[in-house]
Amino acid sequence: MFLNWLGTLPGAVAQGAIWGIMAVGVYITYKILDIADLTVDGSLCTGAAVCAIMVTSGVNVWVAMLCALIAGMITGLVTGLFHTLMGIPPILAGILTQLMLWSVNLKIMGKANIAFSARNNKLLISTLQTNTSLIWIFVFVIVIIAILYCFFGTELGMSLRSTGNNLHMSQAQGININFTKVLGLVISNGIVALSGALLAQYQGYADINMGRGAIVIGLAAVIIGETLFSRIAKNFAVRLAGVVVGGIIYFFVYQTVIFLGLDTDLLKMLSAIVVAVFLAVPYWKKKYFTKVKSTSKTNGGEVSKNA
Amino acid sequence: MLEIKNISKTFNPGTVNAKTALNGLSLVLNDGDFVTVIGGNGAGKSTMLNAIAGTWRVDSGSIILDGVDITGMPEYKRAKFLGRVFQDPMMGTAADMQIDENLAIAARRGKHHTLKWGVTKKEKAEYKELLKQLDLGLEERITSKVGLLSGGQRQAVTLLMASLNQPKLLLLDEHTAALDPKTASKVLDITDKIVNENKLTTIMITHNMRDAIKHGNRLIMMHEGRVIIDIKGEEKKKLTVEDLLGMFTKASGSEFANDRAMLSK
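Protein chains in written order, with the working numbering: chain A, 37 to 343; chain B, 35 to 299.
Honestly, the hints are just simulated from the structure, not real lab data. Computed from a prediction, not measured in an experiment: that's the story for all the values here. One or more hints might be untrue.
[Unchecked claim] Computed cross-link-like contacts, EDC-like style, restricted to lysine to aspartate or glutamate with a CA-CA straight-line distance of at most 16 Å:
| # | chain 1 | residue 1 | chain 2 | residue 2 |
| --- | --- | --- | --- | --- |
| 1 | B | 227 | B | 264 |
| 2 | B | 202 | B | 65 |
| 3 | B | 162 | B | 174 |
| 4 | B | 145 | A | 191 |
| 5 | B | 150 | A | 191 |
| 6 | B | 266 | B | 277 |
| 7 | B | 155 | A | 191 |
| 8 | B | 284 | B | 264 |
| 9 | B | 227 | B | 37 |
| 10 | B | 233 | B | 65 |
| 11 | B | 53 | B | 67 |
| 12 | A | 67 | B | 130 |
| 13 | B | 266 | B | 67 |
| 14 | B | 248 | B | 289 |
| 15 | A | 270 | B | 130 |
| 16 | B | 158 | A | 191 |
| 17 | B | 284 | B | 268 |
| 18 | B | 233 | B | 67 |
[What the hints assert, rightly or not] Listed next, the stretches of chain B that the computed footprint assigns to chain A, with coverage defined by at least 3 CB atoms under 8 Å from CB atoms of chain A:
| # | segment |
| --- | --- |
| 19 | 109-121 |
| 20 | 137-150 |
| 21 | 244-250 |
Note that CB positions come from ideal geometry on N, CA and C, so glycine has one too.
Looking at chain A on its own, in the form it has when it is part of the complex (with noise of 0.2 Å):
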């Protein structure tokens, strides 16, 4: 039974890592923009819709998942604008946008799922070859925290922290705080479908309730990395591979209560819960457990270094 389990890792930490590309297009809205973006429960099934119904009319895969990639950009787009042009709060113009997915991945399909193999397709990865799928999953992975490690550092990526960090201080250091957030909301949601993307070919089919709940599945996984990484490491690339490593635990942890009997309709409940509690521990702690600070430890309201 335990050798059973022990088969189950390798496709757990596939699709572990390919949730957690998801889940670091989450935290670029949540953790560095302070939206709750879920546009993504939408665009991961749209960047799997477009490179589903392309890689079956025969179009090389990479074509498709550079498709799937600009899809997802679009639906960033969308809500972004529904938000700064519109004036709709973040989270309705995610949900609005997410209803209109609906339809739209419907019709990019043309129907509720479409099926397709690696035996018939030629795909970059699939459940058949585990192995290659993951050094070809890890490349994604690597390439996409240094992209946004790089990208971060720049003046571009700074004006974008700074929006998510300070909206007062943004504009009055000149930042137009509506485009940086469309940008944010781009770059989210273009990660979300290449992971979408991924997915698909990966359990080999595209399916219109794939996407329902991702926003839930990537905030628990970059709640599970930042919990682990952020007293270990500082580095903000260090973070992002956390918030992969959070999806594969997350995995594990799924395959493992699967493989125990657990009523797999129970799952999502359950995910919902442990995300709800999660969410609240930061918030009980700072009302129940703030101590009162030493103003000599903070050094707080002394401007002299000898005062």
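Since chain A is already given, all that's left is putting chain B on it; use the hints.
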């Protein structure tokens, strides 16, 4: 330099909460003026700075800065001409970003944000020199998150940020009000130094009448959304707090009412 012509602003118009904060305000600043602003509660001091900064649009009138009409310009575009420090030390800096990153963002105020590195090595060395002049030991902590600094240190960093890129106008909105007296006076000294060294045209709101008299070359007093007293040069140097209170009663026909100003008199 700055020409404010007859601007008005009413908040919540047409409701029971309607409040006319600026009522035909006009003010002309000359190049290099350092104006201190005092006034009672709700006199329109902060509203005037927000009107200049473009937090919202004014209902009527125009604002011309160095020959450019900025009345309808969005806030982020005007920012290139302005340096701002707010009352709340948390407001002027990004807490989760490093000191050098905050300075680098300020150094790019009003410029196009490109894909070049956000903080270059050369800049880091420059910022170290600038921070050294603050004499707060911050040059040793250049990669610390700003959120770890005290309120006074954050205001000092915000001042430095505001002075980068030679703004046409420096706007200080009671920037020492949230600090303890000792820290406040240190931040005011830094303010004087930065304003003088960069020869910045400055508007500084303060609730402290002594500070208003001590600093700058010009003092204005506001009341009900207008400037009611404007004192410059030699006349300002001879001012006392009693003179000011007397002038206020005469000009406005009422007692000076600003809780904090009365306490810190």
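Verification of the supplied hints:
1. B:227 / B:264: Cα-Cα ~24 Å, so violated.
2. B:202 / B:65: Cα-Cα ~9 Å, so holds.
3. B:162 / B:174: Given that 16 Å is the threshold and the Cα spacing comes to 8 Å, the pair holds.
4. B:145 / A:191: 10 Å, holds
5. B:150 / A:191: 6 Å, holds
6. B:266 / B:277: 14 Å, holds
7. B:155 / A:191: 14 Å, holds
8. B:284 / B:264: 14 Å, holds
9. B:227 / B:37: Given pair residue 227 of chain B, residue 37 of chain B is violated - Cα atoms ~25 Å apart, limit 16 Å.
10. B:233 / B:65: This hinted pair holds, its Cα atoms lying about 9 Å apart.
11. B:53 / B:67: This hinted pair is violated, its Cα atoms lying about 30 Å apart.
12. A:67 / B:130: 11 Å, holds
13. B:266 / B:67: Given that 16 Å is the threshold and the Cα spacing comes to 10 Å, the pair holds.
14. B:248 / B:289: Judged against 16 Å, a Cα distance of about 23 Å means the pair is violated.
15. A:270 / B:130: With Cα atoms ~11 Å apart, residue 270 of chain A and residue 130 of chain B stay inside 16 Å; holds.
16. B:158 / A:191: 14 Å, holds
17. B:284 / B:268: Outside the cut-off at roughly 21 Å; violated.
18. B:233 / B:67: 9 Å, holds
19. 109-121: holds (count 8)
20. 137-150: holds (count 11)
21. 244-250: violated (count 0)
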